[in-house]
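Participant: For the protein sequence lines, the chains are A and B, in the order given.
FYI, the numbering for the first sequence is -4 to 511, going by my numbering.
FYI, the numbering for the second sequence is -16 to 317, going by my numbering.
Since the hints were made in silico from the structure, they are not lab data.
Glycine residues also receive a C-beta, built at the ideal position from the N, C-alpha and C atoms.
Mixed in with the good hints there might be a few duds.
Stretch-level coverage of chain B by chain A, calculated; a stretch enters the list once three of its residues show a Cβ under 8 Å from a Cβ in chain A [unchecked claim]:
| # | stretch |
| --- | --- |
| 1 | 141 to 152 |
| 2 | 183 to 191 |
Chain A side only, calculated, beta carbon under 8 Å to chain B, not exhaustive [stated by the list, open to error]:
| # | residue |
| --- | --- |
| 3 | W107 |
| 4 | D113 |
| 5 | G198 |
| 6 | A371 |
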Amino acid sequence: MSAYPVLAILAFMVLGPMMALLTVTGVSVIESESLSFWKSAYLRRVLIFSFWQAFLSTALSVSLAIIVARAFARYGCFPFRNLILKLFGLPLVIPAVVAVFGLVSVFGTGGWIPLGRDLYGLNGILLAHIFFNLPLAVRLLLPAWKSIPEQHWKLGQQLGMNSWQQWKYLEWPTLRENLPGVGVLVFMLCLTSFAVVLTLGGGPKSTTLEVAIYQSLRFDFEPAQAAVLAALQLSLCATVALISFRLQKLPEVEITSTALQCPVDTNTLKLNAVILLAAVVYVAMPMIAMLFEAFTGPVRQVLSNPALWRSAALSLSIGMIAATLSILAAWLILRSASDLYYIKRKHKAAYLEMAGSIVYVVPPLVIGTGLFVLIAPRFNVFDWAIPIVILINAMTGLPFAIRALGPAMRQNKMRYQRLCESLNLDGWNRFKTVDWPLLRKPLGLAMALVTALAMGDLGVIALFGTPETTTLPLLLYQQLGAYLMSEAAVTAVFLLGFCLLVFWLLEGIIGGRENV
Amino acid sequence: MSRITQVLITVFCLLQLTNASAGKQTLTIYTYDSFTSDWGPGPQVKKAFEEQCDCILEFVGLEDGVALLSRLKLEATNTKADLILGIDTNLTAEARATGLIEPHQISTGPTTLPTDWKDTYFLPYDYGYFAFVYNKEILPNPPTSLKELVESTDAPEILIQDPRTSTPGLGFLLWMKKVYGDEAHKAWVKLSKRVVTVSKGWSEAYGLFLKGEAPMVLSYTTSPAYHIIAEEDKRFAAASFEEGHYQQIEVAGLIASSKKKALGREFLTFMMSEKFQSIIPTTNWMYPAALEQDQLPAAFKDLVKPGHTLLFKDTDIAKNRKQWISEWLEAMAE
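Whole structure, please, built from the sequences with the hints as guidance.
Facilitator: Right, dumping it as structure tokens:
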């Protein structure tokens, strides 16, 4: 089996729902009632708010990230360097709704820095988006400093450049090349952020397109209106994606933290230490506040609730099946891609790998809406909740699986293909003796990562979830929605701990010990 | 790898299956979540009905009344519900128009509503009047009219529910429409400044009110009875408004595609009986729809009685609901 059936399935999974959306939108445009929706002030407001919050989130996250990354790069060697980098990797993998809860325990009523009601709305959305994207942007920007040649720094010192001049002549020119890519990536993430806006915004004043889609399906029972919104969201994302393709220099989302070489130790400033400390506190505080609140909360009551364990079992099943599917698809795509590499058709191979990342352009919620519109008139959509959530999570996990497995599979092919051919090693035997020992580590990482991401996802399940199909993140959202804050604290820590445990177990069992 | 995965998945799939139980017939009722909560009528109703029917009564609790209708429309003839319980007369015309509801064919003789009951599709189980509830110690001088609440500059902040999901939310929207008519949009813009939050269902808003997030919450004239009876706390009261109060009659209906209509009708008959009706006042905190006044708890006698009862015809609401809701959305977003 090659990559093409997988690509066909992917294309079907994306195009089927798109067609359904466009048909419904097409029909609804003809009906005058929906035309008035197109023109409604509400839709305009939702559009403006979607853009505005994404713009502000990006501007704040990236400009703060520049300050933090600069402090980081110029502070030189210090003991907790890699630990901090690991901490900055955390917001990428912890479930969004858990992080939101952490922010609520810091900034909510009764929190350490109570913002009261101002938390719900634009302020809260910005705080959360900075929490997610500042550390990400720091990690994406740091290599820029690494790429400044040592001679340049030396030359700068000889010329007696002060900090501002160094920034102007050495750092900014390098950074400028990376900024648009990072900016577009963060903008896209904020534009399609669902769980954050659902939990912290969502009132009529602070609704984005993604949340408006959810509301039209679940509040208003207006599939046509949802389709209009989804089509709009799709065209927005496609535009942003097009822009990012033209920028060419796109940042790689790193999965594992690579240790940075310590840069030239320029004037070590107390200010840098303060900046770093502030960033660390901002990222760590929600986690600490949440732990604190959970351990003083009704632990026994929450843990003895059978609904919690039912949800946990459901989330784990969804996560593992989605990850298995995702890895299977990644494996097939990458096998074809490395065959192409082997015969030196690198461009075609690269395109093949890129096709697996289609979910970056088509948001999962849009696919979910399309499937909803497709299924609703024919069957009971809520019966389909689990299979759909599994499929869409498998698709969302695919880029990660490809990125985790890709390099190893390529290397494996280039190094051992000849040897295997000459030994006539094929099929299962080859997998057992050659592939498995070499690939089990990246396989373990991919499995662990996709499972954990799928387990913590609050997206499509919000569209399809019912009291009978409540996953852990949905349960947490319901507790948050009912303002049961102390119960939510325990559930949030449980979800986080559960994800980490599963991650650690899968990585250990599949990946084996170090240096196998 | 794959073997471990398989074993784990099989174990969890099996765990899922163990929930299914066999034997007795199950009657599934979609309702709102405060009905099914531990302190709501759900548990007592379930126990009482299961004693007489030799069946299993299963409540599925959704966000609130309007979400019930949305869910039913989405599932249409594929729904698992045999009955829905918890929409109100503001939605009955729209629900009838879906063709998913079966006439109840049950005598409406026992009803004790202020007006005669003529609906052949839905049966009422309780009724009440929307009102803003406040704590007398925190708010000694509550507004005495809806106009004062909306227009006075020093009127208190309020908690309300979303009319797209919640029947009290929808009821308040209609109340505003009754009082302000075409000026409702302007009134909402004014009021929106003092709306602390718009919650999905009644339970969330009331929970926030009790935590002290706002001095007034949209609820019912009967809500203070809960504090008086269950908590012996007399600090809470409902503000009486000069313009009158919007009425809510909560109803249940049989799903046309249900295969257990006989059992469903048995439940509807039970719903009109004294056993069910006497559970309502001190669990759902509403006036029962088929119980004589003298059987009500004493605390109900001291509650606010609205001067006028406001109510739209259900067919008028069905015609305008969508437009009124988008008007509300636009005003709230301003």
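Participant: Return the numbers of the hints above that this structure violates; sort them in rising order.
Facilitator: Structure breaks hints 3 and 4.
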